[in-house]
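**Q** The lines below spell out each chain.
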Amino acid sequence: MAHSQSSLDQRLALYRTQRRLRLFELRANELYVDGLIRGTSHLATGQEAIATGFAAAMRPDDYTFCTYRGHDHVIARGVSMAAVYGELMGRQGGLMGGKGGSMHLISPEHGALGSYAIVGAHLPIAAGAAWSAQYRGTEQVAVCFFGDGTTNIGAFHEALNTAAVWKLPVIFVCENNQYMEYTPIGTVTAVPHPAADRASAYGLERILIDGNDVDEVLATAERVIATARAGGGPALVEAETYRHGGHSRADPAAYRPAQEVKDWMARDPLPNYRARLVAAGAEEATLEAIDAEVAAEIEASIAEATAMAPPDPAGVANDLWADGGSAWRN
Amino acid sequence: MAHSQSSLDQRLALYRTQRRLRLFELRANELYVDGLIRGTSHLATGQEAIATGFAAAMRPDDYTFCTYRGHDHVIARGVSMAAVYGELMGRQGGLMGGKGGSMHLISPEHGALGSYAIVGAHLPIAAGAAWSAQYRGTEQVAVCFFGDGTTNIGAFHEALNTAAVWKLPVIFVCENNQYMEYTPIGTVTAVPHPAADRASAYGLERILIDGNDVDEVLATAERVIATARAGGGPALVEAETYRHGGHSRADPAAYRPAQEVKDWMARDPLPNYRARLVAAGAEEATLEAIDAEVAAEIEASIAEATAMAPPDPAGVANDLWADGGSAWRN
Amino acid sequence: MAELTYRAAVVAALTQEMERDTSVVFLGEDVAAAGGVFKATPGLLEQFGPVRVRDTPIAEQAILGLAMGAAMTGLKPVAEIMFSDFFAVCWDLIANEIAKTRYMSNGQVTLPLVIRTANGGGIHFGAQHSQSVENWAMMIPGLKVVAPSNAADMKGLLAGAIRDPDPVIVFEHKNLYATKADVPAGEYVLPLGKANIVHAGSQATVVALAAMVPVALRAAEILEGEGIAVTVIDLRCLVPLDTETILGSVRETGWLFTVEENPRLCGWGAEIASIAAEEAIDSLSGPIVRITSPHLPLPAAEELEALVLPSPERVADTIRRTLR
Amino acid sequence: MAELTYRAAVVAALTQEMERDTSVVFLGEDVAAAGGVFKATPGLLEQFGPVRVRDTPIAEQAILGLAMGAAMTGLKPVAEIMFSDFFAVCWDLIANEIAKTRYMSNGQVTLPLVIRTANGGGIHFGAQHSQSVENWAMMIPGLKVVAPSNAADMKGLLAGAIRDPDPVIVFEHKNLYATKADVPAGEYVLPLGKANIVHAGSQATVVALAAMVPVALRAAEILEGEGIAVTVIDLRCLVPLDTETILGSVRETGWLFTVEENPRLCGWGAEIASIAAEEAIDSLSGPIVRITSPHLPLPAAEELEALVLPSPERVADTIRRTLR
Ligand SMILES: Cc1ncc(C[n+]2csc(CCOP(=O)(O)OP(=O)(O)O)c2C)c(N)n1
Ligand SMILES: Cc1ncc(C[n+]2csc(CCOP(=O)(O)OP(=O)(O)O)c2C)c(N)n1
Ligand SMILES: [Mg+2]
Ligand SMILES: [Mg+2]
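Protein chains in written order, with this note's numbering: chain A, 41 to 370; chain B, 41 to 370; chain C, 1123 to 1446; chain D, 1123 to 1446.
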């Protein structure tokens, strides 16, 4: 089995990361209800195993590209949770000083090269970062996360074909959470598995995994990343998962069959992984300690973000251009 | 064998059509050299069997969508060659009075719903005509012709998936002439057969045929059109062929290996089909009579077009809007 | 008359037109079963069924291709592009195919279709979900452009757009969906191309569109309190453009201001300013002043977004300073 | 100095910059082995090899995504979009991703990339291969916009664009590729944002861009023969815009004319007219007049195309009629 490869300590770290991502978003949701966060946001509650497994397989200088549903992917690369909370709250100390917002988290120093809110756009951009790594000979890899619905838009096709032809070190990860916004993916897609069933159209291997099993995700990530790093070209991975909540703040997700929700909640990556670790010999006390540390860490970052000042009006016209300004005339 | 299905008379008609298309373009090319035609144009010399076979399988009220390389497809639907020559010459009597030009031939009364010059754009538009036929219950079918290079652009993917999901009566025909403009298709495509190897990504049958064999084209066309008409959904057909000349007027096609050109010239659909008909019992005299009739018909249409007046300046601002004008203010 | 929200007026217009004409069909992402992400199309699937009201994949080029092909062959499709920012992924269909095909065909084909889209900012959605792109459409020959500022106009102009034989882009402002107005209950259709004088005043002409109309009206009230009387014109449509109403007012007041939500460069107000500077120059008592968003992407944070979008105060200040 | 064609100046600039900076890479359709469909990039593959000069599939979104991702990670890509009309199939990358990412990131990323494209009409290619879309780029915050009118400017401005740390769109006019001019032989780089006064005259200011510059110059000669002396300004860049030079000249002459190849609505000249109508109104002796293509798609036939595009005669007539 895949997870036999990673030691218990490594696996406790995977548990901790999933726990951090889960709690970060649960609390973010509460902060919305409290009115501390405005605008919109898209939670990935239930999908944490994918971000966790891939981040664990990446080198610090590898690149992550994700979507508006990207909190997990950015935090998993080591970005400060306080900075992300601050951005969601629209503060000066937020990751982008309030200019980007929840849908556009980016932190190049952590290899997080952006969260993109136009479906499909970041697939070719990720290919570009991989092209640059190939050109510079750095053996860096780009990992690009997107949803099932994204497999039906043109940019997906252009990025996959070009990356395959150029043998670029880019991993395309389809997080198949079964829905586009409110529409079941099966009703708008010509094949049962929107990504896996299309790999052959790009001469790629068919890879379909359980996205709620962090061990399986990690093992797959290590394999495809190693291949890409060695010059073996791109991969397309479909990881099956489920959104616990709605598409965005505005969506109660009432359109989902109760039984479907029930079945998937039984596959919630966190309790299942916790149980697996206990079965593998982890101490309850150790896990409880992790839970407590994570909770404390998150409350501290919320406090830090809450204390941040609102954005400085003087900066609103800064940084359109590399010279720091935004002048369009002399 | 496919062609055993169609009688000798039918096959003589197929020969005549191919002959008309071939001669139309050879003469058009000479008219360029003579300076009677200006602007650009893209010849399909060598690809006539595809337009001929499909047109023969279509109902008069079916729809054709094609590209800037569309003379054959429009003429094969019965559009006046004089009107097409007139359009190439930019005359008032041209198919679109000179407004569209060689790349945009269109004649709704013949089911020719347009020639499109932005790669990929007409695939979703053809799907729309098919959707309309499905909605109106007319059992009309839309046939959409495009090149090998077009399989790598986003619109191809969006149109194929949507047409498959909606089970639309549309036939996508990839005329694989081995090149995009000057670049061999194999160097920019992740699979050996740009269309056929991608059919499975849309849950469609893999169909790869000899596009230089009009009998095989006709048999395939009849089969997929019958299925689409009966509500069986779309098809994706890859027809292998070769451009005898360059991409456009500007291109001498020097980039093509001599041996490749030689091999493909040996597969020229016209002499081969002529020989096959003789072997099948057609009289040399009958074929020569057809050649002579076609030649006379074409010279007559050139004379007709040459006699057409230049475009009327008074009409330049007409027909932007349905009211016949182009006013944007009161 | 019944008081309706702007979003309810969208359903009212679609229902009115789909009931009278079975060639009207409606498609888009999450529009049928879910009733639209802005809840502007609930109930249509239930009333008109899955053959006329269709959910699509996330494939905007396919959506507009389907609409165009259907319009060429006898239907009157209404296509929804969820956010106007997404025009960027299907711009070829809009600008090169839908807009140009009738002219290129020398009038052989007609394209009676409508593209509805949620446009504009003010709800902290950030730079990729908040743009005001009316000028993107205005600059393309072959497109008619409508942008209602209230629920009544939404019903009448959307109905008018559906009956229009040419391609019409209808910009629905996100920040207006919840606003209410009295809307004629029965069949209601407005002609395209007639601006609306929503506030009369002799000292200046203020031209606004969509969500900038309430902003300009509020500014007019502020100024009124100071004894400055301005005319506010709700353009309603950019193409056809009601230059008669605009120039007529400018000739009376001698002053022209535009209030544009878009970033400054090449906004619709630039076109109007250039028309006035050519045709009404002798009537002008002073500079033509455009009040626009600065030439920046729209920031996400509420405080920053508010600094960028024109506000009643900024409009009033600008007019006050200019007139004195 | 050496006499070069406009297309040879493209190769000269690319060669100059690729020789001095190995982070400059070049990609596009048919650009490497074939040297470009307008033969503007021959020899680059041979000199710099297939790793730096790459042919792509027909996939403009991929081309610009590759360029953007590479620019975010240390390279300085130059991407060719064969015809500017095709911006419509990759507009999201241009308008939503490349233009906005630096601002949204609060300055964390910089995007040093250039998009070269063949723009404009006059060669009878029809409505989908002849558009002048400089205004499409000008209206998007975050893009710099360059449009050279001659071979010398092409070399200097393309080099300047490649050295610029921000995204720059370089419009190469199809109808100018064959034109010749004296071009500095050695390293030659021009700053972006400086207009060029190409003809001096005290009676009116005529602002033109790219292929409209020779048209305006010819008109100036015609008028000169009639004793009417006009200044012709070659804008060279739309962003940054050299308003100093434009307004300075208008304040001297009192008259402003724009010569735009684009269809009228929301063309770049509208923006300039609106700036002059606000900032130089007191210096104006009469109307600001824009000479543009009518608001139509460009017809294919030579005679019809000639009626639509501004001609020296039309420019001269308009100025003559307006000044008298
Ligand atoms: C081009 C484009 N079309 C539509 C949208 C609106 N939209 C935002 S998220 C979304 C659903 C995406 O579904 P999927 O790819 O499965 O990702 P998920 O949200 O499930 O993670 C849609 C349609 C968009 N942002 N961009
Ligand atoms: C979106 C777009 N990109 C590029 C072009 C330029 N172009 C015109 S034809 C062509 C090659 C198309 O190749 P293919 O699809 O094989 O058709 P063929 O010309 O071989 O018939 C290209 C790249 C275009 N017209 N549209
Ligand atoms: Mg999904
Ligand atoms: Mg081809």
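Note that these hints are calculated values from the structure, not bench results. Please note: incorrect hints may appear among the correct ones.
[As the list claims (entries may be wrong)] Just so you have them, the derived chain D footprint on chain B, three or more residues with Cβ under 8 Å:
id: 1; region: 60-70
id: 2; region: 203-213
id: 3; region: 360-369
[Stated by the list, open to error] Using 30 Å as the maximum straight-line C-alpha spacing, the simulated BS3-like pairs for lysine-lysine come out as follows:
id: 4; chain 1: A; residue 1: 207; chain 2: D; residue 2: 1161
id: 5; chain 1: C; residue 1: 1302; chain 2: A; residue 2: 302
id: 6; chain 1: D; residue 1: 1161; chain 2: D; residue 2: 1302
id: 7; chain 1: D; residue 1: 1161; chain 2: B; residue 2: 302
id: 8; chain 1: C; residue 1: 1161; chain 2: B; residue 2: 207
Quick reminder that beta carbons are idealized off the backbone N, C-alpha and C, glycines included.
**Q** Work down the list of hints and note, for each, if the structure agrees.
**A** Hint-by-hint comparison with the structure:
no., hint, result
1, 60-70, "violated (count 0)"
2, 203-213, "violated (count 0)"
3, 360-369, "holds (count 3)"
4, 207(A) / 1161(D), "holds, 28 Å"
5, 1302(C) / 302(A), "violated, 40 Å"
6, 1161(D) / 1302(D), "holds, 15 Å"
7, 1161(D) / 302(B), "holds, 27 Å"
8, 1161(C) / 207(B), "holds, 28 Å"
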